[in-house]
Amino acid sequence: MSEAIDTAAFAVHAKNVRRMIVEMIYRAKCSHIGCSLSVADILTALYFGVLRFDPAHPDDPKRDRLIMSKGHGVAALYATLAERGFFAREELDSYGTDGTRLASHVVRNALPGTETSNGSGGHGLSLGIGMAIAARNAGNGARIFVVSGDGELEEGSVWEALLFGSHHGLANVTMVVDQNGMQSEGSTETIIGIEPLADKFRAFGWDAAVVDGHDFTQLIPAFSHSGSRPRVVIAKTTKGKGVSYMENKWQWHNSSPNDEQYKIAMEELS
Amino acid sequence: MRFEVVKAIYQAGLEDKRVCFVSGDYGHANTEEFKRDFPGRYFNAGMSEQNIIGIAAGLALSGMKVFVYSIVPFITLRCLEQIKIDVCHHNVDVTIIGGGGGFAYANAGVTHYAIEDVAALRALPNMKIISPSNPTEARLLMQALIKVGGPAYVRIGRGKEPDFELEYAPEIGKAGIVRSGDDITLIASGAIITEAIRVRDMLAEQGISVEVANMHTIKPLDGDFIRARAGIRKAIFTLEEHNILGGLGGAVAEELAELPQRPLFKRFGVPDMWPDVVGSQQYLRDAVGIGARDVAEKIRDFLR
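These protein sequence lines are chains A and B, in that order.
With full-length UniProt numbering applied, the first sequence covers 1 to 270.
With full-length UniProt numbering applied, the second sequence covers 1 to 304.
Any given hint could turn out to be false.
Here are the simulated DSS-like pairs of lysine-lysine, each with C-alpha atoms no more than 30 Å apart in a straight line [said to hold, decoys possible]: (1) Lys84(B) - Lys35(B); (2) Lys174(B) - Lys84(B); (3) Lys62(A) - Lys174(B); (4) Lys219(B) - Lys84(B); (5) Lys62(A) - Lys84(B); (6) Lys174(B) - Lys7(B); (7) Lys29(A) - Lys263(A); (8) Lys84(B) - Lys29(A); (9) Lys7(B) - Lys35(B); (10) Lys62(A) - Lys17(B); (11) Lys219(B) - Lys160(B); (12) Lys147(B) - Lys62(A); (13) Lys266(B) - Lys174(B); (14) Lys84(B) - Lys7(B); (15) Lys298(B) - Lys174(B).
Hints are computed from structural coordinates only; laboratory data are not their basis.
Sequences and hints are given; from them, build the entire structure.
In structure tokens, the structure reads:
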């Protein structure tokens, strides 16, 4: 790393993102809070420290792309895009209301910065690989980041895409696994065990790094890596991160806080 | 039709650097030229249909013009959700070429019969469905479709379909008149048009004059043609190598049902049951009641 990472600045953005997530889901009483809080630092690291883009030119072919394959974590994406200036924060107030542009899974072009429609697991990596081929052929230097959940790895299409990515040496693709260890009905390991995960990716021909998904000094260098092979960053995260009573509770996969819980959450995130 | 279609894509590849080709290991040598001449734009992704459609959509989202190529049942139903979201919702320039429509893979058994694809894809917004009847038409429709772009699905045969001269210039979204006639109109789509022509010849001997129309574009359907015929014909029939539900016959029925006055109407297609018989394409058509003899007989009885 050529320059030190200003973790304090990232932490401020991440806290803002988490506050927006809690606010949106508290008001709307809909969708996935635990997995939005777990991915908040990953998205903050990417949008504030890694991705190359110009919010004023969202269609620039040279832009780095982020595909939110775990589309159910969309509240985190909306909050991060608002924090990064893609659209006004007031837009978030419409979340969960009739006629809003903000669905509770990602819809392409519904808002600036939403590249693809995702909400069904296992679509994102193949989309990213197609974009990576196009970028490589164009020689424009664009990089593709695909953010996946760990439960999502149960989808077979992910593994089809992994085979293709390594066979064609698509070094401009980075898959990020938000490994919060939980899915809808419980812990991922008790539902369908996926460990040893890094070994599986390496066996499929990808570089794999395991990092603390809440530590910017680990996330940013891992995302900035360049090599000859595609890479997976397994980000170990805590579901519900930042709100004590939600942390590591699968019940908060997609529950919404009541008035009292909301107050506590916002105090903890102040 | 396979060779004509791939040739048209090759020609497009020469003229347009955005043209990419993703195969599901279905080339059998006829994609060799594309692969040789356009490196970086041809991929055999192996048997991974969900991945293929996703990659195609990702390429198209980056401005490429993508053609995908495999056997109908695999490249339509196995990856239906990727077609729905990645291609049709994103509304990108991906054209799916499906080989072996209907019973083209006749003795391959039920895994390879392709008689549900049109019904499944017809419900997807933005999707165009093209079902050419012979090699010449396949070539002409592909050339036209390449200009229009995807999302599209082209349902072709397996190869070696009989060719015949067309008396019309095929135009996407417009029915073509294969044989003229005055009493009734028989609308067919795809390679089974040859059976429709036989039906016409059989009925001509019995004094019934049949117009054979080729609805090579199942979506968007040529509603103008159907309404025009509804006004002047005693009866309209459809014939397809597809489940009787949701395909060409269903599409025409939807159009007719909403007219204030309509002629007699009957569909011929594969009954809604598993065709657990094996044999040649003709044997299967006859076995499920879409062979020319059965159809001619039923039309004659229906008109009595």
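Failing hints, ascending? As far as the earlier hints go, only 3 is violated by this structure.
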